[in-house]
Amino acid sequence: MARIDLVDLAHSYGGNAAPQESFALKPVTMTWRQGGAYALLGPSGCGKTTLLNVISGIITPSRGKILFDGVDITPLSTQKRNIAQVFQFPVIYDTMTVGQNLAFPLKNRGVPKADIDRRVAEIGRLLDLEPYLNRKATRLTADAKQKISLGRGLVRNDVAAVLFDEPLTVIDPELKWQLRSKLKALHRELDLTMIYVTHDQTEALTFADTVVVMHDGRVVQSGTPAELFDKPAHTFVGYFIGSPGMNILPAEVRGREARIDGHVIALNRSYDSIPAGAKIEIGVRPEFVEAVAPGPGLLTARIERIDDLGRIRFARTRLGEAKLAARAPAGFTSSDGTAGLKFDPSHVHVYADSLLVEGAA
Amino acid sequence: MDKTVNQKAWFLVLPVFLVVAFSAVLPLMTVVNYSMQDTFGNNQFFWNGVGWFKELLDPSTDLGGRFLASLGRNLFFSMVILAIEVPLGIVVALSMPRQGWTVAACLVILALPLLIPWNVVGTIWQIFGRPDIGLLGYVLNAIGIDYNYVSNEIDAWVTVIVMDVWHWTSLVALLCYAGLKSIPEAYYQAAQIDGASRWAVFKAIQLPKMNRVLLIAVLLRFMDSFMIYTEPFVVTGGGPGNSTTFVSIELVKIALGQFDLGKAAALSLVYNLIILIVCWIFYTVMTNAGVERKVQAESEPAAKPKSSAALKPATALKPKEGVA
Numbered sequence: 001m002a003r004i005d006l007v008d009l010a011h012s013y014g015g016n017a018a019p020q021e022s023f024a025l026k027p028v029t030m031t032w033r034q035g036g037a038y039a040l041l042g043p044s045g046c047g048k049t050t051l052l053n054v055i056s057g058i059i060t061p062s063r064g065k066i067l068f069d070g071v072d073i074t075p076l077s078t079q080k081r082n083i084a085q086v087f088q089f090p091v092i093y094d095t096m097t098v099g100q101n102l103a104f105p106l107k108n109r110g111v112p113k114a115d116i117d118r119r120v121a122e123i124g125r126l127l128d129l130e131p132y133l134n135r136k137a138t139r140l141t142a143d144a145k146q147k148i149s150l151g152r153g154l155v156r157n158d159v160a161a162v163l164f165d166e167p168l169t170v171i172d173p174e175l176k177w178q179l180r181s182k183l184k185a186l187h188r189e190l191d192l193t194m195i196y197v198t199h200d201q202t203e204a205l206t207f208a209d210t211v212v213v214m215h216d217g218r219v220v221q222s223g224t225p226a227e228l229f230d231k232p233a234h235t236f237v238g239y240f241i242g243s244p245g246m247n248i249l250p251a252e253v254r255g256r257e258a259r260i261d262g263h264v265i266a267l268n269r270s271y272d273s274i275p276a277g278a279k280i281e282i283g284v285r286p287e288f289v290e291a292v293a294p295g296p297g298l299l300t301a302r303i304e305r306i307d308d309l310g311r312i313r314f315a316r317t318r319l320g321e322a323k324l325a326a327r328a329p330a331g332f333t334s335s336d337g338t339a340g341l342k343f344d345p346s347h348v349h350v351y352a353d354s355l356l357v358e359g360a361a
Numbered sequence: 001m002d003k004t005v006n007q008k009a010w011f012l013v014l015p016v017f018l019v020v021a022f023s024a025v026l027p028l029m030t031v032v033n034y035s036m037q038d039t040f041g042n043n044q045f046f047w048n049g050v051g052w053f054k055e056l057l058d059p060s061t062d063l064g065g066r067f068l069a070s071l072g073r074n075l076f077f078s079m080v081i082l083a084i085e086v087p088l089g090i091v092v093a094l095s096m097p098r099q100g101w102t103v104a105a106c107l108v109i110l111a112l113p114l115l116i117p118w119n120v121v122g123t124i125w126q127i128f129g130r131p132d133i134g135l136l137g138y139v140l141n142a143i144g145i146d147y148n149y150v151s152n153e154i155d156a157w158v159t160v161i162v163m164d165v166w167h168w169t170s171l172v173a174l175l176c177y178a179g180l181k182s183i184p185e186a187y188y189q190a191a192q193i194d195g196a197s198r199w200a201v202f203k204a205i206q207l208p209k210m211n212r213v214l215l216i217a218v219l220l221r222f223m224d225s226f227m228i229y230t231e232p233f234v235v236t237g238g239g240p241g242n243s244t245t246f247v248s249i250e251l252v253k254i255a256l257g258q259f260d261l262g263k264a265a266a267l268s269l270v271y272n273l274i275i276l277i278v279c280w281i282f283y284t285v286m287t288n289a290g291v292e293r294k295v296q297a298e299s300e301p302a303a304k305p306k307s308s309a310a311l312k313p314a315t316a317l318k319p320k321e322g323v324a
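Protein chains in written order, with my numbering: chain A, 1 to 361; chain B, 1 to 324.
Calculated directly from the structure, the hints in this document are not laboratory data.
The reader is advised that the hints may include incorrect statements.
Result set (DSS-like, lysine-lysine): computed pairs, CA atoms no more than 25 Å apart in a straight line [unchecked claim]:
1) B/203 <-> B/181
2) A/107 <-> B/209
3) A/65 <-> A/136
4) B/253 <-> A/136
5) B/3 <-> A/80
6) A/136 <-> B/3
7) B/181 <-> A/113
Coverage of chain B stretches by chain A, computed from C-beta distances (three or more under 8 Å per stretch; other residues unrestricted) [stated by the list, open to error]:
8) 180-187
9) 190-204
To give an idea of the chain A side of the interface with chain B (calculated C-beta under 7 Å), a few residues [unchecked claim]:
10) 79
11) 82
12) 91
Glycine residues also receive a C-beta, built at the ideal position from the N, C-alpha and C atoms.
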C-alpha cells in the first residue's frame, strides 16, 4: 500500500541526449493516491505502457524519480519493489497447478509453508478460483488464467500497487464485463492502488475514479470521467473521449464571442488575453450542438448523414473543410440537406495551440 | 448415388506403383529373400528358413554374439551422446544472445558443423587426433597424457563421442534456441515481479516451453546416433578390436567383407525393425502430446459455462449416489 509520486519522470529509449520530442515518455510530475483506481488511457504508442513499465521497474527511467510513500525506489529492481503486474496475455506457469501458480511468488520469497497455504486459500476464494486450485493451470480459460495472473500479484500482502497492462484484450466481450466488475469489487475490498492501462475509453471510464489521458508521450489531462467529458484540457482529450468525439473548429475569438466564417457564436466567458499568434480553436461536444432548421443568425452546415444510435441521433455535417457532429432532436429532418447549428454557450471551450484557455467570468 | 465410378483412374496411380516397386519393394523383398537362404557363391542358394534370425538372437553363436555386442555398444553410444548433447545444447541455447548482430554470428558459427559432410567430419577428427601429426593428439601426448585412439579402446570411444558432440550439439542448441525465442517477454517480466530466481525461471518457464523441441531433438539425435556409420568408420574403422564397431559397421563387414548375404540380410531386417519400432514409439508419444494440447485448446471455450454450473450438478448428484 503506498502513495506513488512521479517526480520529473521521463524516459527515452535513445538516451537522455536525444531531443525531448523523441522521448517515449515526456517529463511528468504527478501523484497517485493510495487506494485510488487509475486508468492510463491513450492510443497505441502514446507511452502508457512505458510509464507502467517504469513504475513496475521493468524499465529504468532515463530521468527523474519514483517515490513509494516518499521513499525513492527508482534504482530498485522489479523484485524489490512491491508491485504486481497483470499483462496483456495471461502469464501462467504451465507445469504447475493453479494453487502452485498462486504460491510461486511467496515460495520465491521464502515464506513459511503454512502462511503460503493460508494466503493461497484466501486469494483462491477471493477470485473464485477455489474449485481449480488443484488443477493444471494450462487447462483453464483465458479469463481464469488472467485471474491467476492477478492472484499471483494479490497473494503477497505487501503489494504497493497492482498494474494492469490492457488485461482484457484476450477476453471474450461477455466475460470482460464480469472480470471488470470483479476488479472493481477487489479494489473496494482490498484498498489497493490500481493502475489500469487501456486504449478503450469505456474500460477506462468504468474502471477508474481518475483517468489519466496520455498523448504522444505526454500526460495531457488527469481527472474524473466527468471532468474529462465536460472540460477537456486538451483538444486530444475532447476528441479521444466521447463517441462521437468533440467537435474542434478553427475560429477567431474576441471577448465573449467566437467567429466562424463571419458567424458569431456566443461564449459564456470572456476571452481577452488570448496568446497572440496561437492557433485558436473552439471545442464543443456534439451533445451540446443542436441541428435545427436553417435560419437567420445560425451557422449553416451541409448534412452528410445522420447516425441513429437508438436513444440519440447525430447529424454528421460539414462546415467548409471542417467536420462537425450535432445532436439531431427527434423529428428533425432536413429538406435541402442543410441544417442550422445551435450551440450551447456554456459548453463551448476555447483552445489555443490545442490547450484549454480559461476565460474570465 | 450420382458418384461417378471410373476404375480407369487406377491407371493414373500406376507410375507411382512402378517407381515404388522398383525403388523400394523389390530391393526390400530381395533382402527378405536373402535372409531366408545361404549362399556359397556361384549364384547357388540353399534354403535356410528362419535359421539366420534364430542365430542372430542367440548370443552363443558367432553372428548373434557380434550382433548383440554391437547393438549394446550402439545403445550405450546413443545414451552417452544424448546425456551430453541435450544438457549441453540447452546450456548453449540459454547463453546465446537474444538480440543484436551477435545472434546472427552465433547462429552461423553453430550451424557450421552441421554443414560438414559426415566423412569429412570423420577425416577431420581422424587427423586431429593422430599422435604424430594431429594437433589434439600431439598436444595431449606432449603434456603427458598417453592418448592414442588407434590402440586404446577408451581413447577411441572418447574420440568418437567428442566428435559426435562436436558435430551435433549445434542441432540441439538451435532447436532449443528456437523454443526459447518463442517465449513472450511478458513471462520473464512476470517472473521478475514474482521474484523468481534464475533457476526458478528455467524450471517454471524455459524448460516447460522447450519440452516440445527437446522431444524432437532427442528423437533426431537418437535415430541418427543409432544409425551412425561414416564418422566412426573413418576415424577408428570399428577398432581397436571391435570396441567401436556399431551395428551398421558390423553389417557392412558381414555383407561386403565376408559376403555373407544371408546373415547380412537377416541382420539388416532386424536392424530396420528396431529403428521402425523406436520411431513409432516416439511418433506415438509426440502425437499423443499433440492431441492432449488440442483437447486442452478445444475444452477451453467449453470450460467456462461449466465453471459456474459445474459444482451445482455435482452436489445434486451426491444424494442420488447415496440412494443407489
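Hints versus structure:
no.: 1; hint: B/203 <-> B/181; result: 16 Å, holds
no.: 2; hint: A/107 <-> B/209; result: 21 Å, holds
no.: 3; hint: A/65 <-> A/136; result: 41 Å, violated
no.: 4; hint: B/253 <-> A/136; result: 53 Å, violated
no.: 5; hint: B/3 <-> A/80; result: 72 Å, violated
no.: 6; hint: A/136 <-> B/3; result: 49 Å, violated
no.: 7; hint: B/181 <-> A/113; result: 34 Å, violated
no.: 8; hint: 180-187; result: holds (count 3)
no.: 9; hint: 190-204; result: holds (count 9)
no.: 10; hint: 79; result: 5 Å, holds
no.: 11; hint: 82; result: 10 Å, violated
no.: 12; hint: 91; result: 4 Å, holds
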